[in-house]
Amino acid sequence: MKILAGLDVGHVNTKAILMKGQEILGYSTVPTGYDVVAAAQTALRHALDTVGVSRGGLAGIVTTGIFRERMKEPPLDITRTVADYVADAKGASFLSRNSRTVIDIGGNIQKAIRYDQNGNTLDVIQNDKCADGLGIFYTTMAKAIGISEQEMSELALQSTQKVSVAIHCAASAESEAIDLMCQGIDIADVAEAISRFIAERVAAMCTTMSLEKEIVVAGGLAKSKALMKHLPSLIEQDVSILSFPEYVGAIGAVMSY
Amino acid sequence: MSGDASTNKRLDWTRAEVIVAGVDIGAVSSKAVILLDGQPCAFSQVTTRRPKESSFKAITAALAKTPLKLEDIHHVVATGRGRTQVPFARKTITEIVCGAAGAVHIWGPTVRTVLDAGGQSCKVIHCTEKGRATAFLWNDKCAAGIGRSIETFADLVKKELTEIGNIALQTDQFSKLSDFCAVYAQSEALDLIRSKVPLEQVVAAYHYAMAKRISTLVARSGVKKDFVIIGGLAKNPGIIGWVEGILKVSRLANKPEWDPQFIVALGAALIADAFYRQQQ
Amino acid sequence: MMKEGPDTIIERFHSISENPQEYAKSRQGKGQLLAGYMCTHVPEEILYAAGIIPVRILSSHVSQAMTRSYMHETYCSFSHDCAYQGLAHNYDFLDLIVTSSSCIHMGEAFNVWVRFAGFQEKSFLIPYPHIIETKPAAAFMAASFEEFKQFLEKFVKKSITDGDIERAIRVCNQTRRLLKRLWEFLRSESSPITGPEVATVTLASQLMDKEEYNPMLEQLIQSLEVEPGKAPSGVRLMVTGGACDDPGIFDLIEHLNYSAKLIFIDSCTATRYFWFEVPENRSDKLQAIAEGYIRRIPCPAKDNVPGTGEKKRFRFIQQFIEEFRPDGVVFLYQRFCSPQPMDVVALKPILDKLGIPSTELELDTTVPITQFRTQLEALVEVIKGVTP
Chain W
26 MKILAGLDVG
36 HVNTKAILMK
46 GQEILGYSTV
56 PTGYDVVAAA
66 QTALRHALDT
76 VGVSRGGLAG
86 IVTTGIFRER
96 MKEPPLDITR
106 TVADYVADAK
116 GASFLSRNSR
126 TVIDIGGNIQ
136 KAIRYDQNGN
146 TLDVIQNDKC
156 ADGLGIFYTT
166 MAKAIGISEQ
176 EMSELALQST
186 QKVSVAIHCA
196 ASAESEAIDL
206 MCQGIDIADV
216 AEAISRFIAE
226 RVAAMCTTMS
236 LEKEIVVAGG
246 LAKSKALMKH
256 LPSLIEQDVS
266 ILSFPEYVGA
276 IGAVMSY
Chain Z
29 MSGDASTNKR
39 LDWTRAEVIV
49 AGVDIGAVSS
59 KAVILLDGQP
69 CAFSQVTTRR
79 PKESSFKAIT
89 AALAKTPLKL
99 EDIHHVVATG
109 RGRTQVPFAR
119 KTITEIVCGA
129 AGAVHIWGPT
139 VRTVLDAGGQ
149 SCKVIHCTEK
159 GRATAFLWND
169 KCAAGIGRSI
179 ETFADLVKKE
189 LTEIGNIALQ
199 TDQFSKLSDF
209 CAVYAQSEAL
219 DLIRSKVPLE
229 QVVAAYHYAM
239 AKRISTLVAR
249 SGVKKDFVII
259 GGLAKNPGII
269 GWVEGILKVS
279 RLANKPEWDP
289 QFIVALGAAL
299 IADAFYRQQQ
Chain U
814 MMKEGPDTII
824 ERFHSISENP
834 QEYAKSRQGK
844 GQLLAGYMCT
854 HVPEEILYAA
864 GIIPVRILSS
874 HVSQAMTRSY
884 MHETYCSFSH
894 DCAYQGLAHN
904 YDFLDLIVTS
914 SSCIHMGEAF
924 NVWVRFAGFQ
934 EKSFLIPYPH
944 IIETKPAAAF
954 MAASFEEFKQ
964 FLEKFVKKSI
974 TDGDIERAIR
984 VCNQTRRLLK
994 RLWEFLRSES
1004 SPITGPEVAT
1014 VTLASQLMDK
1024 EEYNPMLEQL
1034 IQSLEVEPGK
1044 APSGVRLMVT
1054 GGACDDPGIF
1064 DLIEHLNYSA
1074 KLIFIDSCTA
1084 TRYFWFEVPE
1094 NRSDKLQAIA
1104 EGYIRRIPCP
1114 AKDNVPGTGE
1124 KKRFRFIQQF
1134 IEEFRPDGVV
1144 FLYQRFCSPQ
1154 PMDVVALKPI
1164 LDKLGIPSTE
1174 LELDTTVPIT
1184 QFRTQLEALV
1194 EVIKGVTP
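Protein chains in written order, with our numbering: chain W, 26 to 282; chain Z, 29 to 308; chain U, 814 to 1201.
The shape of chain W in the complex, shown without the other chains (with noise of 0.2 angstroms):
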């Protein structure tokens, strides 16, 4: 059986999965950075080393992501590309086969996208300039709180009082989360606001298609558990968070081989 690997090249990071049939092998994920063909090389041979297997056992590379026709250059040698939306939903189709939407909340774009039974797309929506780089914000609030996003989401989950940050974009967020810590509100309360804050824009997106469950999410801040606390309510639907979330677009790419 073929061994093929998707490159998701991100925004923020570059994922890369290697699948044999429908088993999943082997990933990795690294920074973008500035040289995305280096931050694509490095993800690729991570993924191989960890496996075990060398960029000769390939047989294709898919790429998709923001960054994916920078991936036709050599040396990385790919096969094609495939739009994100797409793979995205090629991908959540493959790793949930009773799901018809997937929001995918990344490090600086949030889309949705409805599918049908084979994965392919029927209509997508992609938040408003206002709402870019949400999870740049996340990270870097993390950062700037001294603390891991997996602690992030672990104190927003012990919050006792319901405050709130400006919610018109990252920066006043940002700008509020300080303010408010400097008023002596607990870091667990602001947690839970930027949290909530997310959570809000993402559903805010969510008005402007109607989606169709079964509703999954994908992307790294699917795995906060904080954030997805809140999205189920806001949009008034239950969603049910994919494994591999932040590897849904290199799974779909290497579906659409």
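Read the hints as simulated data drawn from the structure, not as lab findings. It cannot be assumed that every hint is accurate.
Only some residues are given here: those of chain U computed to face chain Z with a beta carbon under 7 angstroms [said to hold, decoys possible]: (1) GLY1122; (2) GLN1132; (3) ILE1134; (4) THR1187; (5) GLN1188; (6) GLU1190; (7) ALA1191; (8) PRO1201.
Simulated crosslink set (DSSO-like; lysine-lysine; CA at most 30 angstroms straight-line) [to be verified]: (9) Z:LYS276 / Z:LYS240; (10) Z:LYS252 / U:LYS1197; (11) U:LYS1166 / Z:LYS158; (12) U:LYS1197 / Z:LYS158; (13) W:LYS97 / Z:LYS187; (14) W:LYS168 / Z:LYS158; (15) Z:LYS253 / U:LYS838; (16) W:LYS97 / Z:LYS204; (17) Z:LYS80 / U:LYS1197; (18) Z:LYS253 / Z:LYS240; (19) Z:LYS158 / U:LYS1161; (20) W:LYS187 / U:LYS1166; (21) W:LYS187 / Z:LYS80; (22) Z:LYS263 / Z:LYS186.
By construction, the Cβ of each residue, glycine as well, lies at the ideal position given by its N, Cα and C atoms.
Using the hints provided, position chains Z and U relative to the given structure of chain W.
Chains Z and U in isolation, oriented as in the chain W frame:
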């Protein structure tokens, strides 16, 4: 005088009559300055996490370079956004007044306009020759977080904060980004990377956009010479170069012995000194 | 009947402004019709004449992103919040929603209610001129009010007589006179009532049946006249700007690290609402209302004398500065508002000439309180020169 904590070993603390401290709890970093009889003796800077904790960390780091203890300090003035979270402060004074005092102390009585370009906020302060603030303009919400956005941007392109400003000066050929909002500028910069625009051009474009935003604020408040820039962004040559270029006003150069991030804390310490002497 | 002290009466006003829907529903329960209005350019007199109580729509102060799908991001938060109130069904019980054409942002909030919140059949938009200082303006307004009156007559299935309108004019004028008297207390160095309290009492006037409100306010004024004044303070601060229904901002001004007093507010949730009178006993009632509303302290969205570009509002502001003697001015406006900050640009040089320092606070659904505190304390420090 730079780095995390340093001290002026030439001063003898045992002979000092007035020992004071100024603590500036900013959004991004917390700074402490200790004066012995009006002379700077120790400084420190720590990343601001929770303001109360950070205030202790900052003063402890400064004290650690001296034989002094917190109880030896006669007066402490706290300033900055987190100033109400400093339990050991005797008085709190806003960074507007402290910035003016510190700037005139460093650059002299010709200073009339101080731009404090920090991590989260930008302020334009007008002052007298004695360092008294007479008017100020705070950034509008859309211009919040410019300093921090440059830090985030440096992270995204995997460059150090200390080098990003110099990279920005490597070219003046770049396409313009939205200059009214850091979120738009960041998004558009990421887009430039997608189009294989060389790194220096992307970095230059981002710095120009942020400098433009800051300049709009300064222009709204008005600039009277002599003009100085303090705060973290005063150390970013890309920002400084463009701000001067857009406003067509040159600022007085940074003093080599003074890190511009410490000037507000210095102002707070000078005010603590004055308060203490007044009480004697 | 036992005379209530001022604190008790103020608390009643405060409680009503905190729960405007509860109050409105209680009046509806007594069989009265209610109309929500989104701009103070709506001629309340005509609603009163039709037997309808006007209730101003203000913010819920709920931080939400839902309205971003209905209105552009860069519309002010106040308009987003008012739109949200409709979408959240907080005001479904209203019989009618009315607005006058004024600023775009509030116009959009009104549209959201009409199109998406079920008010299609119970709404009315009053065309209202922007350039008020012109000869045709009064006639335009009177004609517009006539259309509104006819709509209301059909709505309540009853004709509105001149007598009805004259009675309504008197009730509204009475509110205006009483409020003016209330604000006059703040001229004194030792006023028996604080600025934030006056602001709360004023806000209540936009939310209550004026026939109930007026006697309550009269009682308050009487009790204040015999109340000892509060201690004077060093720094007198005046607020000028747009709508502000967040009492926290006004409380902040009086709870700084320094002693400061709030002594005047030029905004449509404060003095701009009532600092005028409609001429009484005129034969043409609607023309009288038009004339009265033209004499208001102008909203920046409607303040432009053709030919000269002069701002009539600034004449009022200078008059208030003379009478109320502020040491500093706080500009208060919604983030993304256009007319208010444009006025600030023109007003600042006037304040500079008068030697009055100022600072600008941008309102939003959520506000950076420590930043506001810093700005206000810096303003006081600049005024007082606190350092040795």
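Exercise. May I ask you to test the interface hint for GLN1188 (chain U) with respect to chain Z, counting a Cβ-Cβ separation under 7 angstroms as satisfied?
Key: holds (5 angstroms)
Quiz item: Given the proposed pairing of LYS187 (chain W) with LYS80 (chain Z), does the C-alpha separation stay at or below 30 angstroms?
Solution: holds (21 angstroms)
Quiz item: Taken at face value, is the distance from the CA of LYS1166 (chain U) to the CA of LYS187 (chain W) at most 30 angstroms?
Solution: violated (45 angstroms)
Exercise. Could you grab the alpha-carbon distance between LYS1166 (chain U) and LYS158 (chain Z) and see if it respects the 30 angstroms cut-off?
Key: holds (22 angstroms)
Practice problem: For the hint on ILE1134 (chain U), just tell me whether its beta-carbon gets within less than 7 angstroms of chain Z. | Solution: With a minimum Cβ separation of about 17 angstroms from chain Z (threshold 7 angstroms), the hint on ILE1134 (chain U) is violated.
Exercise. For the pair supplied as a hint, LYS158 (chain Z) and LYS1161 (chain U), confirm whether the alpha-carbon distance does not exceed 30 angstroms.
Key: holds (24 angstroms)
Quiz item: Is LYS1197 (chain U) within 30 angstroms of LYS158 (chain Z), Cα to Cα?
Solution: Holds: LYS1197 (chain U) and LYS158 (chain Z) sit about 15 angstroms apart, inside 30 angstroms.
Quiz item: Minimum Cβ distance from ALA1191 (chain U) to chain Z below 7 angstroms?
Solution: Hint holds; ALA1191 (chain U) Cβ to chain Z Cβ min 4 angstroms, cut 7 angstroms.
Exercise. Under 7 angstroms, Cβ to Cβ, is where GLN1132 (chain U) needs to be relative to chain Z, so tell me if that hint holds or is violated.
Key: violated (24 angstroms)
Exercise. Could you grab the alpha-carbon distance between LYS263 (chain Z) and LYS186 (chain Z) and see if it respects the 30 angstroms cut-off?
Key: Holds, at roughly 19 angstroms.
Quiz item: When you check the alpha-carbon spacing of LYS97 (chain W) and LYS204 (chain Z), does it fall within 30 angstroms?
Solution: Holds, at roughly 27 angstroms.
Quiz item: Keeping to a limit of 30 angstroms between CA atoms, is the pair of LYS252 (chain Z) and LYS1197 (chain U) held or broken?
Solution: holds (23 angstroms)
Figure legend: structure checked against the earlier numbered hints; hints not met, in rising order: 1, 2, 3, 14, 15 and 20.
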